[in-house]
Amino acid sequence: MSQFDKNACNEYNELSRRQVLGAGAFGLMSLAIPDWLPKVVLANDFVSNRDVIVQIYLRGGCDGLSVCVPYGDSALYTHRPNIAVAPPRRNGSRGTTSIDLDGFFALPGSLALLYEIFLNRGLAIVHATGSTDPSRSHFDAQRYMEVGKPQDASISTGWLGRHLATSQPMRSGAPLRGLGMSFGLQQTLAGGPLSVPVPDPSNFNIDGDSTTRAARRAWLSQQYANEQAMLQAAAINTQATIDLLGTIGFSTYTSSGTMAYPSTTMGNSLRMTAALIKADVGVEAIAIDMGGWDTHSNQGATTGTMANNMAQLGNALRAFYEDLVGQGRFGNVTTVIMSEFGRTVRENSSAGTDHGHGNVMLLMGGNVNGGLVHTNGWPGLSAANLYQGQDLAIKIDHRDVLAEVIANRLGNGANLGTILPNYTPTPRGIVL
Amino acid sequence: MGITALTGAAAPAAGQSTAGLSGEDAVLYKLVQRITFGVNDEEFALARTLGFEKYLEYHLSFEQIDDSSVLAMISGFTTLSMEPYQYYALTDTGLPMRETAEAMLFRAVFSKRQLLERVVEFWTDHFNIDQNKASFHKAINDRDAIRTAAMTNFRNLLQKSATSPAMLIYLDNASSNASNGRSPNQNYARELMELHTLGVNGGYTQADVLAAAKALSGWTYYSSSADGVNRGKFRYNNALHDQTAKTILGVAFPANQGQNDGNRLLDILANHPSTIQFVCTKLFRYFLDYTPSQAALAPVMDAWVSSNGDIRTILGAILTRQNVMAAAPKYKRPLHLMVSGIRAVRATVTNFNTLRGTQLRLAGHIPYNWSPPNGYPDAYGYWVGLLLPRWNFGFRVTQTGSLAISGITSNVTSLVTGLTTANAIAQRINQLLFQGSLPAARVTALATYLGTGVPSAAKIRDAFGLALNLPEFQWV
Numbered sequence: 010m011s012q013f014d015k016n017a018c019n020e021y022n023e024l025s026r027r028q029v030l031g032a033g034a035f036g037l038m039s040l041a042i043p044d045w046l047p048k049v050v051l052a053n054d055f056v057s058n059r060d061v062i063v064q065i066y067l068r069g070g071c072d073g074l075s076v077c078v079p080y081g082d083s084a085l086y087t088h089r090p091n092i093a094v095a096p097p098r099r100n101g102s103r104g105t106t107s108i109d110l111d112g113f114f115a116l117p118g119s120l121a122l123l124y125e126i127f128l129n130r131g132l133a134i135v136h137a138t139g140s141t142d143p144s145r146s147h148f149d150a151q152r153y154m155e156v157g158k159p160q161d162a163s164i165s166t167g168w169l170g171r172h173l174a175t176s177q178p179m180r181s182g183a184p185l186r187g188l189g190m191s192f193g194l195q196q197t198l199a200g201g202p203l204s205v206p207v208p209d210p211s212n213f214n215i216d217g218d219s220t221t222r223a224a225r226r227a228w229l230s231q232q233y234a235n236e237q238a239m240l241q242a243a244a245i246n247t248q249a250t251i252d253l254l255g256t257i258g259f260s261t262y263t264s265s266g267t268m269a270y271p272s273t274t275m276g277n278s279l280r281m282t283a284a285l286i287k288a289d290v291g292v293e294a295i296a297i298d299m300g301g302w303d304t305h306s307n308q309g310a311t312t313g314t315m316a317n318n319m320a321q322l323g324n325a326l327r328a329f330y331e332d333l334v335g336q337g338r339f340g341n342v343t344t345v346i347m348s349e350f351g352r353t354v355r356e357n358s359s360a361g362t363d364h365g366h367g368n369v370m371l372l373m374g375g376n377v378n379g380g381l382v383h384t385n386g387w388p389g390l391s392a393a394n395l396y397q398g399q400d401l402a403i404k405i406d407h408r409d410v411l412a413e414v415i416a417n418r419l420g421n422g423a424n425l426g427t428i429l430p431n432y433t434p435t436p437r438g439i440v441l
Numbered sequence: 153m154g155i156t157a158l159t160g161a162a163a164p165a166a167g168q169s170t171a172g173l174s175g176e177d178a179v180l181y182k183l184v185q186r187i188t189f190g191v192n193d194e195e196f197a198l199a200r201t202l203g204f205e206k207y208l209e210y211h212l213s214f215e216q217i218d219d220s221s222v223l224a225m226i227s228g229f230t231t232l233s234m235e236p237y238q239y240y241a242l243t244d245t246g247l248p249m250r251e252t253a254e255a256m257l258f259r260a261v262f263s264k265r266q267l268l269e270r271v272v273e274f275w276t277d278h279f280n281i282d283q284n285k286a287s288f289h290k291a292i293n294d295r296d297a298i299r300t301a302a303m304t305n306f307r308n309l310l311q312k313s314a315t316s317p318a319m320l321i322y323l324d325n326a327s328s329n330a331s332n333g334r335s336p337n338q339n340y341a342r343e344l345m346e347l348h349t350l351g352v353n354g355g356y357t358q359a360d361v362l363a364a365a366k367a368l369s370g371w372t373y374y375s376s377s378a379d380g381v382n383r384g385k386f387r388y389n390n391a392l393h394d395q396t397a398k399t400i401l402g403v404a405f406p407a408n409q410g411q412n413d414g415n416r417l418l419d420i421l422a423n424h425p426s427t428i429q430f431v432c433t434k435l436f437r438y439f440l441d442y443t444p445s446q447a448a449l450a451p452v453m454d455a456w457v458s459s460n461g462d463i464r465t466i467l468g469a470i471l472t473r474q475n476v477m478a479a480a481p482k483y484k485r486p487l488h489l490m491v492s493g494i495r496a497v498r499a500t501v502t503n504f505n506t507l508r509g510t511q512l513r514l515a516g517h518i519p520y521n522w523s524p525p526n527g528y529p530d531a532y533g534y535w536v537g538l539l540l541p542r543w544n545f546g547f548r549v550t551q552t553g554s555l556a557i558s559g560i561t562s563n564v565t566s567l568v569t570g571l572t573t574a575n576a577i578a579q580r581i582n583q584l585l586f587q588g589s590l591p592a593a594r595v596t597a598l599a600t601y602l603g604t605g606v607p608s609a610a611k612i613r614d615a616f617g618l619a620l621n622l623p624e625f626q627w628v
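Chains as they are written, first to last, in my numbering: chain A, 10 to 441; chain B, 153 to 628.
Looking at chain B on its own, in the form it has when it is part of the complex (with noise of 0.2 Å):
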């Protein structure tokens, strides 16, 4: 991949900008901003530093990123280190789950491996599971099998997803029978194929969503009690499996394999034609561009193909100099927002409960709060009608006081210090929360809102509010 002189920023397009910014530059924001929860100053810097291809090598390459700052602030979450067995334990069930959104959310704020925490996010969605059924289990999927597992190869991924007692919870297979010819659980089986693999279009039937029901079934924890240390991990119980032998996408499963059934529907599903076009879709998506070409898909395909569905592979064919360049804008969905513009700011955080409880809430992105398995929404249509939840945070994280967000602490007058022109002040938001990417035209409204004469600190205020707010902080 040669670097080409650039003859202008990226094609324009309406709601994101790069107005401000020239050559490189432009291209490096535009990066920084798809695979990470916000541009800053210090990602920015780092960007221009190691130039494209350098700082997504960096990013991918996120095991040698000294993350030990964000490590520390949720060193306190004593939950995220537990074994299964010991949820259940708990006084408080809930707070596996709750320590395990915070965290989540300390590392997309604060954590140097941004683009892992968006991969995460990403596997998160796709297979998603809705806390208000799978309680603490989730927290034990979050960290055993999306996290570990996230920047690893899909056919691992989804062997651990597939064996997450929170994922079969979840979608019921935990309670399926298919011995001596009951009628098994058919939700996992379905969604299975529906969402973690095939697609809905991807040529399978209801008798395959049936027999892989049946491959699967057997397929359980350890939920007892009396299951001691083992209790909340994966378990194959034989004698709930359908013994018989199945066809599944045309392919002959015979009688009597136990688990094996199972682990070969995996195989076969993981790296299916099908499952290859879906899932490569779906990362291009949530990167890049929410209609991507069969063009642009085609190497990314072949990268999975050839590295044998390596995910940094596969992302490295999706994150190239010419996709970044061509990516048409994409709305951030709110949590996103949220996330982006406590970084532009650069507030401390000492807690997001407030955050979670209100904000999110309200605009409806509670973290794993989702209760159809497809995941939230990544499109644009179903997020864009509700602006207020957005506008509000935005009106909130740049304030002090009772306006404040609790737990989230901001000083943007501190950020303008020494400033004391409207015109100075508005030029200095540009720089810090959008690199100077905003066209002139924001710069002077910004101003204009100012006023005239020394800005007071309540206006200053309600100007980066109102920064945060503008069109181009909607989209990357």
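Chain A with its partners taken away, still in its complex shape (with noise of 0.2 Å):
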């Protein structure tokens, strides 16, 4: 329970809160705040003991070999004579082609501007993790992963819809809770109470004569009470999020902090995650995809696709973590970054690599375990140590690190048994 809620009397918060969820039915623009701002004034003093969290997810299978190079290992430079990350010159070198982590890791240089947040402490990063599910079918690692359980098809919903569904609003009477950035909620939210899929949340508004909008909205919600369950909670939820979103300005957001959100799609997206962070309208689970990391052919190293992709993302994250200080709230989000499997150690004859198995994830945020390269022992890149002789071998369940996110930041460590069935964690420390 967030000590949000427990002031939830405050007249200043209720009278906000209102405004908010009553789609502006007071009027108080004269209030000296900017355009962007949901009629809301601000919490100053909003503290919580649960984060908001962010999970990017790498949809393709990202190559975490590229993302954190394990160039200590030289096997990786025989597997891959064409793609594999340049080291570093020297150890502790800053290099624009790679970035020394800790001796043997290091960033490329596409994720430079990660590596401030990483010296900071606001960025951990895991190796030789990921989903023990044995697929290496997109849909069905995917899936696993997104559920919470390895090769169990019976269960739909989603680990994060779980822990919605097993915690008390953040903050109560909240509209909307879980907000995935796509046309389909990610199943990874599936199950979760008011969460839906919201493909550009600066983009949501029924269309047409507004002199008959609000009857002819009326009249959907009356024609939408009594249907299929999913399509009834659709329609409520579609309403509910008009008038929510309606209240910010996202066009006109900017950041905080001193860095300005790079113009790409993953820039955006972080954007509006902080605009809704910062409206502090209840929303506590984002997800966010980002595709492109199915990088069988021309995969590149310093430059190409992978690199490419590594720059968005990265550019983008730092932006977000700019702002999130900038807004004092770096220590009230956690931001999860996942794939469903790493890449082939071996490149192939298209100069890529085929779908493989252990990867890398990254979490950022004020209480992670930040700049250490989080391994359980590296497993080794040599061919006898290669999972199934190709792949990265897993040493750290990712549901390890999921475990630790949910007990110590999202505050429903009681409810694990639920969010991650038939699962005992390894406390890994990796998330504080």
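Careful, some of the hints might be misleading.
[Said to hold, decoys possible] Okay, the calculated beta carbon distance ranges per label pair: (1) GLN241(A) - THR572(B): 26 to 36 Å; (2) ALA269(A) - SER227(B): 24 to 34 Å; (3) THR443(B) - ILE251(A): 43 to 53 Å; (4) ALA392(A) - ALA407(B): 31 to 41 Å; (5) THR243(B) - ILE251(A): 50 to 60 Å; (6) ALA378(B) - GLY313(A): 43 to 53 Å; (7) ASN505(B) - SER181(A): 45 to 55 Å; (8) GLY228(B) - GLY313(A): 38 to 48 Å.
[As the list claims (entries may be wrong)] No more than 25 Å apart at the CA atoms, straight line, and that leaves these computed lysine to aspartate or glutamate pairs for DMTMM-like: (9) LYS264(B) - GLU205(B); (10) LYS434(B) - ASP161(A); (11) LYS385(B) - GLU205(B); (12) LYS285(B) - ASP209(A).
[Claimed, not checked] Residues of chain B clear of chain A, computed beta-carbon distances all greater than 12 Å: (13) SER233; (14) SER335; (15) SER369; (16) TYR374; (17) SER376; (18) PRO406; (19) TYR438; (20) ALA447; (21) ARG498; (22) THR502; (23) ASN526; (24) VAL536; (25) LEU538; (26) ASN544; (27) ALA576; (28) GLY588.
If you're looking for bench data, these hints aren't it; they were derived computationally from the structure.
Backbone N, C-alpha and C define an ideal beta-carbon position, used for all residues, glycine too.
Dock chain to chain to rebuild the complex, using the hints, since each chain is given by itself in its own frame.
Spelled out as structure tokens, the structure:
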């Protein structure tokens, strides 16, 4: 329960929330607040012992050996003569090609903007991790990771959805708790109460003649009142989301930090995420997808497809970091970045990589054990050490990391058995 | 298959209703909904004239349906009849895909060969190709693989897909080189088994994927300007092929078989029991039911076996009277919803540019734009959450002027000419958009919105939009 909820009888906050929920029923526009803000006075006293969680899912199988390069394992360069990111020139060097992290791992130059966050201990990297599900199918691997249990086709709700379903709203009365920036709700959020897909939060309103808009909306609400449960919920959530998002000026929102958001898809997604967080309207779980990671051919190294993808991700994350720091909320937001599987250690004849197994996870936030690359012992890349002879082995079940996020940042350790069924996580000390 | 007397409409189910229809009309309405891109007066009248079996046969024998009116609409799309090599010389290399998408939408809305168009949509997703990777090669794939083979035989369709440069580019087989022990690209081989044939639980292993990738190595296309008129066509390049002996799915492939390795692999996959189960289930799901029973599937799979994968025979086994009557409601995907809306309000169309660039984009259903290889989902849970772009489509396609969708012109007030009461107009809307199938309460609600007195043109347009946005219009 956040402190905000304890203070919910505070008249100021109560008024503010009603304004948001009532879509501007109170017209206090004279307050000296920037255009982008909802018609709500922001809580200076925003203090919560629960974080907002942002999940960024890298769809397609991101090549973890390029995201965090184990340059100290010389087998990498044997397996990948053309597409391995070159090692730093010497220990501790920060070059344009790669940046040494700890004498064994390096960040590629395309992720250079993450290095400051790492140095400031706001970024933790976990390596040789992932879902232990053996599938090399994108769709099975994603599914089992998102539902939170390998090889169980009977589960259709997501781990984050079940977290929401087993926890009180971070903010009581919030009209919306989970938001998937996608056309269909990510399976991660499936089963979550008040969770909706919103592909573009800055464009979410009813079209047509504005003078009949309210009447048309009211009519539709009546017609969807007794429909199949999911459709009925979609109609209710759609109406509430129109009201909620309409109060937030996404299009004019700018960072509170020193770095503008890049005008990329990921930059815009994180800019809107930051706007939602700053608006403090109770959205507590945001899922973002990024595609383009299925690099079967011409993956590239310092430049090329993979480097471009990483740069888009890293640059946007840095802007998000600066904004949250500027907002004073970096300690209230945990960002989890993962992918369905890593890629083959050996490059293929198309100068790409195929579907693999072990991978990397990134965690960003004020309470991650940052500035470290966490492994449970590097499994090694020599042929004898590879999973099924071709892939990086998994030494840390990704659910160990999620369990620390859930227990330590989302305040829901009591329901781990529901959120990550039939699994006893091993403490890793990655999220504090 | 006998015609049994009906004691009422299809099984009642949430979502879709034929409350206002009785007996055979309810069955026919359901059939037309399932095999077309939307019921309209003309199509429903045809089904009533022909009856269930003859109407289905009419659509299965699509070659005999005169479709000259829609062909005239798309005759200006000159890239649709070009040879692949000509595409490379275009100044605007995006034109073939724009014309392909426009032509597809013209056909979906206006073609009389409606079942063919639904089948084409099915195979387009089954053999998904993202135009952002394959570029104009997808236009050739659409014409020469998907459309040409959609109603032929699965083995034939599989061959056309496998030799399609768009597929070889999209799933990277074009750049695979497994000669002299090099690592082949596994992408196409995996998705061929996982998504196109056996299914993810179809019984293959990682070793099978690797061996299949070797069998398919050398399947590429002529990509160089030096290839002249062959440019953009399939090429088997033996120099890239793994000539060693292989074992795939337990079958021994001897050494030095060249292109026949791949052909033999497709032979094995095309009529493998796992393929028959997987593809029959997907087809049944697409037309009739998200979760078909194994009992319902058994005759369909038998039809595949006895016809050696003849697609028309398989469709006939799916679309039986019994199966159609028993089919549970299915939620329209956005493109289906929008095409059916355009058909229902009898709009005229000059182009679909705005529909594609705005309404379909906001709904997440731009043609040929799904990035992963599994195709746009055919799943209620995926699409149900995002209602807003569906509602906004309904509110726009019924409007005029600046509120309308550019390129699409409806005149819904002309459809109720002479009617002056809310009730009469609501009844007419029910007839035009739902063939009279709406529950009475919905008709009353529409009349309530239209209000007292003679409804204004603006009210009438709103009412049409609201009717398209009713739950009943979201389902088939």
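Checked hints:
1. GLN241(A) - THR572(B): 26 to 36 Å: Holds - the Cβ-Cβ distance for GLN241(A) and THR572(B), about 35 Å, lies within 26 to 36 Å.
2. ALA269(A) - SER227(B): 24 to 34 Å: For SER227(B) against ALA269(A), whose Cβ atoms are near 49 Å apart, the range 24 to 34 Å is violated.
3. THR443(B) - ILE251(A): 43 to 53 Å: For THR443(B) and ILE251(A) the Cβ distance comes to about 33 Å; the hint is violated.
4. ALA392(A) - ALA407(B): 31 to 41 Å: Given a distance of about 25 Å, which is not inside 31 to 41 Å, the answer is violated.
5. THR243(B) - ILE251(A): 50 to 60 Å: Violated, at about 43 Å.
6. ALA378(B) - GLY313(A): 43 to 53 Å: violated (26 Å)
7. ASN505(B) - SER181(A): 45 to 55 Å: For ASN505(B) and SER181(A) the Cβ distance comes to about 46 Å; the hint holds.
8. GLY228(B) - GLY313(A): 38 to 48 Å: holds (40 Å)
9. LYS264(B) - GLU205(B): holds (17 Å)
10. LYS434(B) - ASP161(A): holds (21 Å)
11. LYS385(B) - GLU205(B): Violated, because 41 Å separates the two Cα atoms, which is more than 25 Å.
12. LYS285(B) - ASP209(A): Judged against 25 Å, a Cα distance of about 24 Å means the pair holds.
13. SER233: holds (31 Å)
14. SER335: SER335(B) not clear of chain A: closest Cβ-Cβ about 4 Å, inside 12 Å.
15. SER369: violated (8 Å)
16. TYR374: holds (18 Å)
17. SER376: Since the minimum Cβ distance to chain A is about 17 Å, SER376(B) lies beyond 12 Å and the statement holds.
18. PRO406: Check passes; 23 Å lies beyond 12 Å.
19. TYR438: Correct as stated: the minimum Cβ-Cβ distance to chain A is 17 Å, above 12 Å.
20. ALA447: Non-interface label on ALA447(B) holds, nearest chain A Cβ at 21 Å vs cutoff 12 Å.
21. ARG498: At roughly 20 Å from the nearest Cβ of chain A, ARG498(B) sits farther out than 12 Å, so the non-interface label holds.
22. THR502: holds (21 Å)
23. ASN526: Answer for ASN526(B): violated, closest chain A Cβ roughly 6 Å.
24. VAL536: violated (5 Å)
25. LEU538: Given a closest Cβ separation of 5 Å, the condition is violated.
26. ASN544: With a cut-off of 12 Å, ASN544(B) comes too close to chain A, as the shortest Cβ separation is near 4 Å.
27. ALA576: holds (19 Å)
28. GLY588: GLY588(B) clear of chain A: closest Cβ-Cβ about 18 Å, beyond 12 Å.
Checked against the numbered hints listed earlier, the structure breaks hints 2, 3, 4, 5, 6, 11, 14, 15, 23, 24, 25, 26; every other hint is satisfied.
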